[in-house]
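Add chain E to chain S, keeping to what the hints say.
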Amino acid sequence: MAHGPATLADGWVKYISRWVFTTNHKDIGTLYLWFSFAMFILGGSFAMIIRAELFQPGMQLIKPEFFNQMTTMHGLVMVFGAIMPAFVGLANWLIPMMIGAPDMALPRMNNLSFWILPFAFAILVATLFMEGGGPNFGWTFYAPLSTTYAPDTVNYFIFGVHIMGASSIMGSINIIATVMNMRAPGMTYMKMPMFVWTWLITAFLLVAVMPVLAGAVTMMLTDINFGTSFFDAAGGGDPVLFQHIFWFFGHPEVYIIILPAFGVVSQIIPTFSRKPLFGYSSMVYATASIAFMSFIVWAHHMFTVGMPIAGELYFMYATMLIAVPTGVKVFNWITTMYKGSLTFETPMLFSIAFVILFTFGGFTGLMLSIAAADIQYHDTYFVVAHFHYVMVAGAVFSGTAAVYYWLPKWCGKMYDETMGKVQFWIAFIGFNITFMPQHFLGLAGMPRRYADYGLQFADWNMVSSIGAFMYGAAQILFLFNVVRTITHGKPVDKPEVWEGAEGLEWTVPTPAPYHTFEKPPQVK
Amino acid sequence: MSTEGNYYVPEQSKLPIITATGMGTLAFGAASWVIEGGSPTIFLIGLLIMALVMYKWWSIVIDENMQGLANDQLKKSYVLGMLWFIFSEVMFFAAFFGALFYVRVFANSWLGGEAAVGWFDDSPTDAAAANNEILWPGYQAEWPVMVTPDQMANGDAAQFKGPEQNMNFPGWSNLLSWLPLWNTIVLMTSSVTVHIAHTALKNDNRKKFNTWLGITVALGIFFLFLQAEEYVHAYQHMGLTLETGIYGTTFFLLTGFHGAHVTLGTCMLLVQWLRGLKGHFSHEDQFGFEASSWYWHFVDVVWVGLFLFVYVLA
Chain S
151 MAHGPATLAD GWVKYISRWV FTTNHKDIGT LYLWFSFAMF ILGGSFAMII RAELFQPGMQ
211 LIKPEFFNQM TTMHGLVMVF GAIMPAFVGL ANWLIPMMIG APDMALPRMN NLSFWILPFA
271 FAILVATLFM EGGGPNFGWT FYAPLSTTYA PDTVNYFIFG VHIMGASSIM GSINIIATVM
331 NMRAPGMTYM KMPMFVWTWL ITAFLLVAVM PVLAGAVTMM LTDINFGTSF FDAAGGGDPV
391 LFQHIFWFFG HPEVYIIILP AFGVVSQIIP TFSRKPLFGY SSMVYATASI AFMSFIVWAH
451 HMFTVGMPIA GELYFMYATM LIAVPTGVKV FNWITTMYKG SLTFETPMLF SIAFVILFTF
511 GGFTGLMLSI AAADIQYHDT YFVVAHFHYV MVAGAVFSGT AAVYYWLPKW CGKMYDETMG
571 KVQFWIAFIG FNITFMPQHF LGLAGMPRRY ADYGLQFADW NMVSSIGAFM YGAAQILFLF
631 NVVRTITHGK PVDKPEVWEG AEGLEWTVPT PAPYHTFEKP PQVK
Chain E
-6 MSTEGNYYVP EQSKLPIITA TGMGTLAFGA ASWVIEGGSP TIFLIGLLIM ALVMYKWWSI
54 VIDENMQGLA NDQLKKSYVL GMLWFIFSEV MFFAAFFGAL FYVRVFANSW LGGEAAVGWF
114 DDSPTDAAAA NNEILWPGYQ AEWPVMVTPD QMANGDAAQF KGPEQNMNFP GWSNLLSWLP
174 LWNTIVLMTS SVTVHIAHTA LKNDNRKKFN TWLGITVALG IFFLFLQAEE YVHAYQHMGL
234 TLETGIYGTT FFLLTGFHGA HVTLGTCMLL VQWLRGLKGH FSHEDQFGFE ASSWYWHFVD
294 VVWVGLFLFV YVLA
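Here the protein sequences come in this chain order: S and E.
Using my numbering, read the first sequence as starting at 151 and increasing by one per residue.
Using my numbering, read the second sequence as starting at -6 and increasing by one per residue.
These aren't lab readings, by the way, just hints derived from the structure by calculation.
Here the structure is a predicted model, which means the values were calculated and not measured.
There are no misleading hints in this set.
Subject to a maximum C-alpha distance of 27 angstroms in a straight line, what follows is the list of computed DSS-like cross-link-like pairs (lysine-lysine): (1) K669(S) - K68(E); (2) K7(E) - K164(S); (3) K69(E) - K674(S); (4) K669(S) - K69(E); (5) K341(S) - K68(E); (6) K563(S) - K640(S); (7) K164(S) - K49(E); (8) K489(S) - K425(S); (9) K341(S) - K69(E); (10) K563(S) - K164(S); (11) K571(S) - K489(S).
FRET-style restraints, in silico, Cβ to Cβ: (12) I53(E) - A523(S): 56 to 66 angstroms; (13) D56(E) - S491(S): 50 to 60 angstroms; (14) M340(S) - N198(E): 39 to 49 angstroms; (15) T34(E) - A522(S): 53 to 63 angstroms; (16) S32(E) - Y467(S): 52 to 62 angstroms.
Per the computed footprint, the stretches of chain S lying under chain E, defined by three or more beta-carbons under 8 angstroms from a beta-carbon of chain E, are: (17) 357 to 369; (18) 379 to 386; (19) 392 to 404.
Backbone N, C-alpha and C define an ideal beta-carbon position, used for all residues, glycine too.
Bound conformation, chain S alone (with noise of 0.2 angstroms):
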């Protein structure tokens, strides 16, 4: 394009319309991003809600009808329209920058991708409005409780998840083709930032999965409405099955939301460590295999449910197999930061906080994955706990470090370094005081998804509420920060912004311009 973006000097429609009919990843990239930090608000004014009404023991605040709406809207709303659009949002800004790409493969099929989920969460929010209330059973809306016992809405819920997958579906086909046909005259495989792989192999399981979760969704769909009995026992199909289809998105599902974080923390440890990665080729094998086991674990979910006993050993010993990979993973980040000349930035601050208690979830995971004793923790707080390490202190923590970490080269100003550290402190110990307590709160019995507990919880959910409100501010201060460093940051010009930052995004003005690598460069 001969002229720059439209800017809001040029007047308002035209402000306007480059943000709606924009094909630039760059624009695109940040609504996902801006779309995703909404939604991230909105989820975690669910959580507040949540919480709050946990304080203290009793009915306070709400009904637990509603308590019901707000657990099962706070995972779809966070999962589905917060973590995964925000990864999207940075494979849109660098995955081009990274490979040495003019722009995404299929440019107004990104734009697509993105606008479909506006629609789709404004009809899944709009539910909240409607008579009978939104979805209320739980995120992962298992049968009979999401079809014979759902209110009217979950038809609602069913299409909005459609076009949400089919706006990852056509985002992740977008990522791959951009990936396997747009690389640089040099750029090999085996030479792209471990960021581009994690996303290659990502979208990968998005293609895989999705299509199942609109398969899971449809069956809900004839059940409810055209007679069908896929989950109902009486006509001769099984309730189950609906755990088994769901899972078998469902599982790869957490890892399309952890792989690309692996990959955002991959490229940030080696900068402020001064060192390449450590074991380039193994990470990208250990990504592959941990892509790979995700679809053969998925019962390890179910362990409760009822399966064969070889099935429960089976899905037991897969599941522990994944630890391997992982550890390779954590090994490497940690062997990169050995004896390097490590300083403590925001973004090294986030990721080294991910490293630890990545590890810790992944830790809790492997205690749930033993069949024998998940019959004691199954749908305990300990669940909650463990997937909320994995969640919360993995992609979350990532993703704010990512930004952190590529803000300077996305508006070319700095953010303030103190800001930065006191939001992650302050993050990071409103985490951990919400989040710790509630694997004792598991162990000692209390279930997940109720509005009201024993006495015997109280004392610890107090302290969790107090964390979780903690934890809340230092995201509004997240957003203070990256708005006042868009409005006031000081300037920053050079390309390489940070001192050990490698990777051809760096090689790129700051901040970057509309468009890079109209002509390709040379990778050697």
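For chain E alone, coordinates are given in the frame of chain S:
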């Protein structure tokens, strides 16, 4: 627009936002329609928006290609896009085939109080037997499920009643009146005819291409006609409906989604046929047609799976 690299990055486009609006309308409309007392109006508006915008979008892409804007690299992006889209479709069918296998191998045996797979499944001997006695007394596992557990336990009060007849192999003497066999023959043939058309196009034999592609489209439509015939027969004469328990459920959902994909594939091939008549495509540039033919072969392979696991192997 990218210059030196020659990769065509389109200018701003209104297509995506209109498509997204169409999809949103479609989804919202579908949901409000299926809820009791709902009307299809919003759904139909969404459908209309989608139809118009898809027509427009593909016209633009075809125009761009005719103007020579699409270089080899962009064409490869389209190839990758189509292949991975077909892969996603494979996984969609995998969910339904998976459901069928799970029900046939595991759920059905357990409902009947038996172990599912010998050595693998040693627990249900007492647990499932008790389950069967208490919940579904008298139910015996069989496939196709002609008498549902509900029917066995509750008799005429049952919500789910099994079908009167099923679609399985009716024996050699009735072979020729067995519709699924004809469907298989029609679809298999169409895969061959589309391949003949493809070869003809590569050899620049336009007349042969138009003829054989036309035959393929006709076979596609004929298949759909037979399928519709089969459904009517099932509903009117066999007592086999969506509501006849798990056999009807899996039968109609699997063949129904396959039929929907055949419809889509037929439309795709029809468009390519019309384009061929207008003189589009050359012996080396024919992606629109190739993509449609890949899709057609995919639909064909799914049918082979259906024929085996839904109709033949009882």
